[in-house]
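The chain contents come next:
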Amino acid sequence: METPQQIRDRIVGAVAGLQVECLPNGAPAGVPSLLVGRSCFREVAIFLRDDPQLRLDYCSNVTGVDWPERTEKFKVRRQVGEVEKDVEESRVIPGCLEVVYHLYSMSLKHGPLVIRVRTGDRSADVSVPSLTPVWRACELQEREVFDLFGVHFDGHPDLRRILMWDGFVDHPMRRDYVEPDDYDYEPTPHDHVLDRALARAKPGEAGCGSGAR
Amino acid sequence: MVLTSLQEVYNWGRKNSVWPLQFGLACCAIEMIASTMARYDMARFGSEVFRPSPRQADLMIVSGTVTKKMVPQIVRLYNQMPEPKYVIAMGACAISGGPFKQGYNVLKGIDRFIPVDVHIPGCPPRPEALIHGLMTLQKKIGLQSLTGDDRPRHARADEPSEFPIPGHGEHDLIPPRNPGIWQAPVSPRLKPAG
Amino acid sequence: MMVTQRSSDEWDRPAPVAGSYAFVVGDDPEDPGSLLEVSMGPQHPSTHGVFRMDVVLDGETVVKLKPVFGYLHRNHEKIAENISYLGSMPYTDRLDYFCSLTNNWAYALAVEKLAGISVPERAEYLRVILSELTRLQNHVCLAGFLAQDMGASGTPLMYGFREREKILDLFESLTGARMMCNYMRFGGCRCDTPPGWLDEARAVVDSFPRFLHEFENLLSSNEILMSRTQGIGVLGKDLAVGAGITGPCLRAAGVDYDIRKVDGYGIYPRFQFRVPLGEHGDTYDRYMMRILEMHESLGILKQALDGIPEGPIIDPKAKLRGFRPKAGESYGRIEAPKGELGFYLISDGSPSPYRYRVRPPSLVNLTVLEDLCVGHNVADTVIILGSIDIVLGEVDR
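Quick mapping for you: the protein sequence lines, in order, are chains A, B and C. Per the numbering used here, the very first residue in the first sequence carries number 1; after that it's consecutive. Per the numbering used here, the very first residue in the second sequence carries number 1; after that it's consecutive. Per the numbering used here, the very first residue in the third sequence carries number 1; after that it's consecutive.
Among the hints, a few may not be true.
To be verified - What follows is a list of derived Cβ distance ranges for each label pair:
#1 A:R10 with C:A379: 50 to 60 Å
#2 A:E2 with C:K326: 17 to 27 Å
#3 C:Q272 with A:D154: 20 to 30 Å
What the hints assert, rightly or not - Below 30 Å or equal to it, Euclidean Cα-Cα: the simulated DSSO-like pairs (lysine-lysine) are:
#4 A:K75 with C:K326
#5 C:K237 with C:K66
#6 C:K64 with C:K78
#7 C:K326 with C:K78
#8 C:K64 with C:K237
#9 A:K109 with C:K302
#10 C:K302 with B:K101
#11 C:K326 with A:K73
#12 C:K166 with C:K319
#13 C:K237 with A:K109
#14 A:K109 with C:K166
To be verified - Which stretches of chain B does chain A cover? Using the computed rule of at least three CB atoms under 8 Å from a CB of chain A, they are:
#15 104-115
#16 166-174
These aren't lab readings, by the way, just hints derived from the structure by calculation. Even glycine gets a Cβ: it sits at the ideal position worked out from N, Cα and C.
Same shape as in the complex, but just chain A:
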């Protein structure tokens, strides 16, 4: 199979105006991935599936990644007065939710090609086009991403919660999810758990045993 960079160049060459970017991967054997713009996401997916050299007919894995807003610090060489100095500056990287697809070809037996798409932010602008019309394999996994991350998939035939119950309002796989505090008594040496139990213990609630029975 071609490298992701070659595929990216070919997509951009074939149809004008598509936003596809090649993201590096730091792992030793890692392949780069393609970051696709939201507006042309399904178009690119159909291209990848139908292109005779690629024929990526099998979408293996769909998953979400949560990137909360973070501040990145970096050093810049600046002229400070007379001398040139390394000055530490910071910039805020806005948060987003990302959906990652791993594509393989069953007919040509190659892969994987990793494509990813990002939402605008983490609260209001959370919709991306669904790829279930392209690969049905995405159906249940996109529902899972919707349930656990809160990404809204436009064009999904049956977008409901899959793992949690229907009345549940949170998205538990987000990094800032706070789980319900139902740790009443934790006989473990983990400090944070002990602290939580300590904060809950009220004076006068002495006594052990497994309750009234």
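Based on the hints, put chains B and C in the right spot on chain A.
Only chains B and C this time, still in chain A's reference frame:
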């Protein structure tokens, strides 16, 4: 001539025909199945008849992780079983949440909603451990008296045989525990705050 | 379902819950009340765990079927993102609790790709031996459960579990646990074989064909099994590929895709084995796929047990404590007994993964459950579900 009391005959019959509910939750269910198979053969203890319907079962083996989504169903099944009924919490997850205790969807012990008679630790417990748990339950049944102040729950008219079924809220079960059955114990190692 | 929120004070009587068993749906305007909605599960003797199917029936025929998941969602991924890389290894055992060793391997493979760790020869051989033994015991139990779903209550399952116990004894003497083995490490395996273990394994492998022959005589040409499974739940090639079906279900539909051959992970390219393919894609083909794969697994096991060299069991450079891979991402996948099991990891350079994702074969294979079941009798849904071979620990994680 053998003289014996009605109570002993009654308990002897009950304890040697404990029919479990055919009901598996997770990994422990596989060990529960294995213990009914030829090698471990739970039939030796009169418990091979796994009933698919709670109406015919005496024993609920809570075999695996109890998730919050599953709790209402388990309590409902327990309520549907006829008295006298018993519960074995099999495995670390059913006892306390076990390795998955930190999970947001995991109940930290089934004894928060239904009374448990025998706890079997292990992840998963071996079939021998399940058989030992069953024998412990049989011993417990054999010692139950029909009259007197120490008679068990099913022989008391004022004790409930059904327990309220929790609902699913926006963040958690409502309520997260049944205070009539279970109250949070306070560890002697912890000094209460304030 | 609407839930009225109550304080715990007024909480002493159960609130009425909308009928969860069977209620009539007036779907058909011509004949109101002709359709019946039945909720099979989550407590049902044949759903292989806490799985629920909402089935709409016209008489005995399935009109609609919606699977309902989540009754065993125990937050594997969330827990794994808060503990160290190695700390997740015992949790992977509990994904597909029939096949803990293949789960270990898939996770170890993903981490080895992420950090660039190599695996010594002997450990590779042991991994192949253990995962093929796992495949044997998974498939033999599946065939037993399938026959039980058809009403052959007891006998085939007992035969299957009898053989499974022999393999579990091997696992126990090697790893210390029957089911939750927690055996593989990044860059190798945890401990070397005890003395005589390989001979015991050879004895189990040598006696297995006799059992398999007996089992096949009992079942494969059994008239009841054939009439209950042939032509039931036919899965077409295009649908199977598009819906991401993997494992024996895919190969039963006639698609030649076995990750052991395609990726050639581990040392699989060294072994001679064939990939059995089905022709019709029905339940019988899916059953036969398992039987034929067991024959091929036995062949791999014989070659691996003959060829296993002496040597170290773990890469001495592999770090178990304080393991911090560089920032990056990797996807490791293997051919687990149920299909493609993949682990997707994103590292940000900290001791715990930034994102940890399991690609569960059982969940994705259920995508086509409705397509397979519609038009068949309600009793056939149980067999179709049994032939897809799911384990709820992996479906819901």
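Hints, verified against the model:
1. Checked against the given bound of 50 to 60 Å, the beta carbons of R10 (chain A) and A379 (chain C), roughly 51 Å apart, stay inside it.
2. The hint said 17 to 27 Å for the Cβ distance between E2 (chain A) and K326 (chain C), and at roughly 26 Å that hint holds.
3. Look at Q272 (chain C) against D154 (chain A): about 49 Å separates their beta carbons, and that is not inside 20 to 30 Å.
4. Between K75 (chain A) and K326 (chain C) the CA atoms are separated by roughly 21 Å; this keeps the pair inside 30 Å, and the hint holds.
5. For the hint linking K237 (chain C) to K66 (chain C), the alpha-carbon distance of about 22 Å falls within 30 Å, and the restraint holds.
6. With a C-alpha separation of about 33 Å, the suggested pairing of K64 (chain C) with K78 (chain C) is violated against the 30 Å cut-off.
7. Simply put, K326 (chain C) and K78 (chain C) have alpha-carbon atoms about 21 Å apart, close enough for the 30 Å limit, and the pair holds.
8. Under the criterion of a C-alpha separation no larger than 30 Å, the hint pairing K64 (chain C) with K237 (chain C) is consistent with the structure, at around 22 Å.
9. The straight-line distance between the Cα atoms of K109 (chain A) and K302 (chain C) is roughly 28 Å, inside the 30 Å bound, and the hint therefore holds.
10. For the hint pairing K302 (chain C) with K101 (chain B), the CA-to-CA distance comes to about 42 Å; that exceeds 30 Å, so the pair is violated.
11. With a CA separation close to 19 Å, the supplied pair K326 (chain C) and K73 (chain A) stays within the 30 Å bound.
12. The suggested pairing of K166 (chain C) with K319 (chain C) is violated, with an alpha-carbon distance near 34 Å, which exceeds 30 Å.
13. Annotation: proposed proximity of K237 (chain C) to K109 (chain A) holds, straight-line Cα distance about 16 Å (limit 30 Å).
14. Distance check on the hinted pair: K109 (chain A) and K166 (chain C) sit about 37 Å apart at the alpha-carbon level, beyond 30 Å; violated.
15. As drawn, the region 104-115 of chain B meets chain A at 5 residues by the rule of a beta-carbon pair under 8 Å; at three or more, the given contact holds.
16. Residue count for the region 166-174 of chain B with a Cβ under 8 Å from a Cβ of chain A: 5. That meets the three needed, and the coverage hint holds.
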